Amino acid sequence: MNLEFSDTEKEFQKDVQSWLSDNVPADIQEKTQNGEMLDKTLQQKWEQILGSKGWLATTWPKQYGGPGWNATQRYIFDVERAKAGAPGTSPFGVSMVGPVIFNFANQEQKDRWLPGIVSGDTLWCQGYSEPNAGSDLASLKTSAKKEGDEYIVNGQKIWTTQAHWADMIFCLVRTDSTVKKQQGISFLLIDMNTPGIEVRAIHSIDGHHHLNEVYFNDVRVPVENLVGQEGMGWTIAKFLLTHERTTIAGVADTKQEIERLKHALKNTRSGSGVRWDDPQARRRVAELEIDLMALEYTNFRTVASTDNGNPLGPESSGLKIKGTELQQQVSQAIVELGGPLSLAWDNKEAIGNMEFNKATRRYNFLRACTIYGGTNEIQKNVIAKMLLGL
Amino acid sequence: MNLEFSDTEKEFQKDVQSWLSDNVPADIQEKTQNGEMLDKTLQQKWEQILGSKGWLATTWPKQYGGPGWNATQRYIFDVERAKAGAPGTSPFGVSMVGPVIFNFANQEQKDRWLPGIVSGDTLWCQGYSEPNAGSDLASLKTSAKKEGDEYIVNGQKIWTTQAHWADMIFCLVRTDSTVKKQQGISFLLIDMNTPGIEVRAIHSIDGHHHLNEVYFNDVRVPVENLVGQEGMGWTIAKFLLTHERTTIAGVADTKQEIERLKHALKNTRSGSGVRWDDPQARRRVAELEIDLMALEYTNFRTVASTDNGNPLGPESSGLKIKGTELQQQVSQAIVELGGPLSLAWDNKEAIGNMEFNKATRRYNFLRACTIYGGTNEIQKNVIAKMLLGL
Amino acid sequence: MDFNLSSEQKMLGDSAKRYLSQNYSFDIYLDQIGSNMQINPERWQKMLDLGWFGLPFSEENGGFSGSLFDVSLIARALGEALSIDPYVDNIVLPGKLLEFISSPTADAWLKKLIDGERTFSAAIYDVDSHYDINHTNVILEDGVVNGQKSFVSNVGEVDYLICYAREASDEQPILFIVAVEEEGVEYKDCRVLNGSRSGVVTFNNLELTNDKILCVGSDATAAAQRAIDYVTVLECAAMIGAATAAYEKTLEYAKIRKQFGTHIGSFQVIQHYLVDMFVELQQAESMLFMATDKGAVKDVAESQAAISSCKAYLCKSVVAIAQQAIQIHGGIGVTEELDIGHYFRFITHLSLIHGDRDFHMSRYMKRTGLEDKICAVNMA
Amino acid sequence: MDFNLSSEQKMLGDSAKRYLSQNYSFDIYLDQIGSNMQINPERWQKMLDLGWFGLPFSEENGGFSGSLFDVSLIARALGEALSIDPYVDNIVLPGKLLEFISSPTADAWLKKLIDGERTFSAAIYDVDSHYDINHTNVILEDGVVNGQKSFVSNVGEVDYLICYAREASDEQPILFIVAVEEEGVEYKDCRVLNGSRSGVVTFNNLELTNDKILCVGSDATAAAQRAIDYVTVLECAAMIGAATAAYEKTLEYAKIRKQFGTHIGSFQVIQHYLVDMFVELQQAESMLFMATDKGAVKDVAESQAAISSCKAYLCKSVVAIAQQAIQIHGGIGVTEELDIGHYFRFITHLSLIHGDRDFHMSRYMKRTGLEDKICAVNMA
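Protein chains in written order, with numbering that gives the first Met the number 0: chain F, 0 to 389; chain S, 0 to 389; chain W, 0 to 379; chain G, 0 to 379.
This is chain F alone, in the form it adopts within the complex (with noise of 0.2 Å):
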């Protein structure tokens, strides 16, 4: 057991907070720190600047432009990227379909698609939910039908994040509907201008515009964009599932949000005092970081493990639930904490604190974090079964 960082680990955290330090544009960085959304122009420009440093696809192999960071190494990155203001980065490429790509793709796929991954150039969104496949994945209905060189695609996808700033989607379309449902699925990469796909956006109750309905009017996709074989897109669907993600608990983001809190409480005057004066708000805030600590040993449990070359220890599979639930608290505890503050919704100038002004806008985007990706409850439900034996 040894629980420390080693030297070369700080070195490379003082290089990483010395990057950051000069590199996190002030625009970014305000609107980060102030708990705001960022238009797609600066979400792009900030991973293109992370592209250009080599240092956007973190968790890639250096022969498909990686840093060749281990996982110490990326989470040790994720929780200064975090300090320092600066913004997480969209998963879709780098996360997913990327090591989707350099797996199952052939040569050609590889130097076509990773390239504008790695710079940040290229949007992917994920083509995986329709109306009616949500949890239930795989009673998917879009279909793509094989005419010579072509796929003819038609259907709908739904709660597809940044589809309207994507270049790219990634689907999971049905070539086969004759077999068993999960062995009719290909995995098939489209691109977003091509004629007959439509964006339609769902506004989330955070007032802001993540998420899209995709409509798929015969749309045709040459096939060459087929990843694998056809039938191969469950395969790769439950890869990606258990492609290990060391970010997946959020750490690093609910820690700062922590921090976010106490400056808050300690900057908002409050009679003749500040909020911090009250031993509730107080006791709250211990009780946040002891959980947040259960869960960031935990997470560098997975971390080392990783690094260790290890297969991922049990302690892993609750990561999820546990770290989007503990995001939740946290943001309703500075929601609850900010009083009256968090009432604000669209001011301009501060009404107290900014911080807290803020807040409410982030604790109704993230009810959906215990949806999104797998609800908690089906997360439960695989764990029981898969590691229970239940």
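Do not take every clue at face value.
[As the list claims (entries may be wrong)] Lysine-lysine pairs mimicking PhoX-like chemistry, simulated, CA-CA at most 20 Å apart:
hint: 1; chain 1: F; residue 1: 179; chain 2: F; residue 2: 144
hint: 2; chain 1: G; residue 1: 254; chain 2: F; residue 2: 265
hint: 3; chain 1: F; residue 1: 384; chain 2: G; residue 2: 254
No lab work stands behind these hints: they were computed from the structure. Quick caveat, the model's predicted, so the values are computed rather than measured.
Given the coordinates of chain F, work out where chains S, W and G should sit on it, guided by the hints.
Same frame as chain F, now just chains S, W and G:
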């Protein structure tokens, strides 16, 4: 809406208070207030005192020896009884087999069994659960085979509270194994002194003997001890489950427990002050008080609708769930707020404070309250089906 | 005890529901939260016609002497319909302030309110009051008012403000009334969580003639406190109304939404979630009954303990119901196109005005002796 | 970082488990809780032979310089086996007291402890200390001690007590050692929650020669505090061990117990209960790893924050796991004949000694600046 007690009810309350202050024996009061368990002699003594006053079978109609109280009066009595440091009464005769007898039995049976219950002279126990029929009661296997004018009973009951005290047991037995499992069940009254009955103690984790296994080995029961017809057992069991019981939430005793906790906090030295000085302790008391208030007013709604002759409203469905959860929470709070004083188990003299010393046994005992009478999980299944239509 | 509604109360509740089903809808709500207009003249007139403006006030003042429970039926129906028409904020709160001030001047203003002649908003809190109404830096000195009030409901749409301030000389609290259009009064506003608008009002050398001062000293504090306590119960009623709707819609959804080839309501975990919501809703409703009753008693400690215990309870349980309603809906629950997410915002909003859980827990403790110190010397 | 055990640590853990599986059982436990004998000579000797007595102590003192994590492996194995052999209470706690006093006299006593020549118990708390070790009314005045200590583990079976008291003259804390058989020492004991025995010791004009005084002043407090902090981590390890066993037994039971014609583990609600327990156990275990590491650092604020956060977390999560283990077992879970209920008592016991959740939450806050006041004057 009128949430006050009427003048008549307040008058009644005074009468009850006055009678209790004269009639609760000191030894019983002391043990009850310390949270200690009564032995059979003391428990029966108290029930006989109530019996001779006519206040034991409080839910019964006057014609069978009940006091003719309405639900509000019963509620008032129960609160005052707990306040006076008097114990609750055993439910098996009064609340269970009694109503079964006066609803389903013939005149001869009524004449034979009811007087002993009303007076507190006959002690009953309940033979429902079996080793492989816990939550799934209908799977019970104990058989009663008719031979002439007797049933020959064979099998085993378990979790039989007070079987070691009881004169009589009422049993669900299988009289027909050829029909659907609910249909072959009958309701039989059995004298505990019949040869072939063996009672084995089960010790509970509070260190006391409440529960038993009861073995039946060719036990001969006269056919006149069958209530209703053969095969009516399941109907009778369901009748009992839905039988009005306005004390199921345990409000009166939980209220008293919270008072006991406050008393203990105020009277236990801690450093240079008392435990009451701890603001977290008082906040916890406040939370429990408010939770109790919600339960109490929900109970009032049930009491009032009973007295108005209405069927039980939906609000009553959760009384057992919330009531037992709160009993456990209050008990856990006492143990935890007592700190090291709650570790005591068999001390005769007080260590710091006897109320805290005795709290742990009750805490242990009360782990059972979300299990017996149908686990809270079963309760939720039933509500989901019956009330929510799921 | 009797928890049954009288026939008048049943009529009142039914008529409120009927009015809302005919005159309000989720589409109207969506328009309303997108606009700057919260006081819709047509619906305002209908509420006036229904007698709602007079209901909370005594007959001597031209009202209908409705009980707190009666008025709670309106608030509950509004909550159930997800209506943010500011009946509580712009009728009941300023009206109760005026009624509790209880002076000929205040009564005259109240009459205008009840008759719908003039509209009002209450300016009670400073930006740094948190929930302590006693704290204000709006100061009257030499006949001139300076300072800033925050959280003033729909200030851009009302004629008058009733404002809580204090005198420079002796720190005495005062309540004064002023026209929004008056010189020396400036405001800006923004949209808040439930979709309504909240203003920050700045007094910049506002000249205050004596006839504008409605009340001075502890009477002013008492009037403000009583008015806030009164509307706190109504907010609890609105929370229950909203939670009832959210629960029922979720139950309905669980019966029709299919996943894995079956209704999600057939999964045991979802069943237990729904039972928990249902049982919790019953408990919360019991607390509301308690608060509408005990919240109206004369004894201040008793009424405040009742109201605070109810609000504290609901801030936990009803908020949890709203969260669970979203979770069971899944993706659709976090979109603006479905009402469930809006019920969640509506409930969250109510949980944060006029005292949150911590504030009311603490006030409950103060009013019930749970803050009283023990004299250790007395111990054996 | 590396959470892997070294090969020595694996050996240590495995040997502890092997020893316990061969020498301890639920039946032995049941005998032990029914008897007055908690220190079983045969097992005591075996633990000595295994090197456990020396493990926590430095080589200079004749020990094996095991790390806090090493010792936690023993405590965890004991917890998993439901063993109440008082290794932590009667070896580690008094031993660490002596080691942290760090004087030739104390070292000499420690040697006797490590060699198994003499047995000890620590008398740290008064009946009204709650968890504040600084509070004591055991007073040394004119060479004579009077007063009463409580919660002294297995006092009836040990040779010596190490006692925390204070001097009458200058209120200075002291640690002294005294033979239980000495004149002026009386005790009575009772069974406590985990089945072991706890004593109340009364000093009645006990004459105390100077050689019995081990330590005076802030050093005495520091030694006592450090020893308690050390064993607090071991208790956390024992809680994790016990919770692991309770969880695993419950999972096993859910797979074989049939109701309604199927294993109860096939019900979704039971599945989610078990997943919650499992996930929570992983989190709690992570906190233990953290505390065994950070709890051993020099910086007192840092180590106490680490230890307190771990204990506070476990007092909530591990207790909940134990409660749920009973609930899933149903009736059989609340009987003395099955081990599940005993694991629950064992865990509850540990949650209440040397600081409960509130105590450790509060100490965590003190050590991490969450109690520091803000100077409002600094605000813009």
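Original post:
Would the pair residue 179 of chain F and residue 144 of chain F pass a check requiring their Cα atoms to be no farther apart than 20 Å?
Top reply: 17 Å, holds
**OP:** With a cut-off of 20 Å on the C-alpha distance, tell me whether residue 384 of chain F and residue 254 of chain G pass.
**Re:** 12 Å, holds
Original post:
For the pair supplied as a hint, residue 254 of chain G and residue 265 of chain F, is the alpha-carbon distance within the 20 Å limit?
Top reply: 51 Å, violated
Consistency with the previously given hints fails for number 2 only.
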